[in-house]
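Using the sequences provided together with the hints, build the complete structure.
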Amino acid sequence: MSPSTEPRHPVRLVAQRTGLTPHVLRAWERRYGAVSPSRSEGGQRLYSDLDIERLRTLHRLGETGHAIAPLARLTLPELEQLARAEAAAQPRVTGQAPAAAPGGIMDEALAATSALDAPRLQAALERAAIGLGVPAFLDQIAGPLLREIGRGWRDGRLGIAHEHFASAAVRRVLGWILRTYEVSGTAPRVVVATPAGQRHELGAMLAAAAAASEGWGVTYLGADLPAEDVLAAARQSHARAVALSALHPTDDPALIGYVGDLRRALPADVRLLIGGPAATAHRKALAARGTDVMEDLGEFRLVLRSIGVTAPGATP
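Numbering (the working numbering), first residue to last: 48 to 363.
Honestly, the hints are just simulated from the structure, not real lab data. Be aware that a few hints might be false.
Said to hold, decoys possible - Quick list of simulated restraints, FRET-style, between CB atoms:
| # | residue 1 | residue 2 | range |
| --- | --- | --- | --- |
| 1 | 297 | 70 | 44 to 52 Å |
| 2 | 197 | 85 | 31 to 39 Å |
| 3 | 218 | 59 | 43 to 51 Å |
| 4 | 109 | 194 | 21 to 29 Å |
Please read all numbers here as calculations on a predicted model, not as lab measurements. For glycine and all other residues, C-beta sits at the position ideal for the given N, C-alpha and C.
Below, the structure is given as structure tokens:
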């Protein structure tokens, strides 16, 4: 069949066949180049059967934890091969654990930490990031591992050296995720940092990796940033959002004023998001200052998605 006679389908039908909303379709096209629909004489976007199959496969892989940005660079045969490999890796017997089961990886990571075995810990973390996908790795491995090691240090099962050892390994993997999922062009951008006086950085790195895996461009500033520096970075990068992590101290007396000053200085259409124990301890005061307080990375992702699909240029 020649290109001129190949069936072409409008957005509404494509949304029905793929399970994707028109907003998401438009965002995937503009931000990631997932497909390149043709246009009718009236300017309506029209999709081929191959476009629909490609979008279905992207959607299916995205639901298993893969980020769309790197998937969109693959050909349809490569996407189908990846989907078949994922299906083949699923457990064949009820109750059989998959190779990248979070519980087994957590046990492996904790044992490697206890033994201060760097290659073993690094391998376990990398296997989790690849096998589970980035969102599940962050939610089910990286965050819980750091919390469990912190508990082990407090109750005397592990030393401070073990905590620093594991933190360094997690930091390396999070840095790898940020590099791997780095995007450019029309992707919305988020500035990530910890407020002045907040020196614990891993919460911010988890948020940065979560944003990167959602297809956002990340300007990562690190820990203990003065408000004026965060504001300058947001302006220079034309950020759609600023994300802060506040872990410790939870009774930080300067946090509310810091966030209030930053919110007043940021443009009204730039969202200010904050998470971590210090943030939730001051939830009402921070919310009253126009800041979104995030309970966890799952909520953070949902907010980023809502910002991303309503950003300029993301509407159908």
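Unsatisfied constraints (hint numbers, rising): 1 and 2
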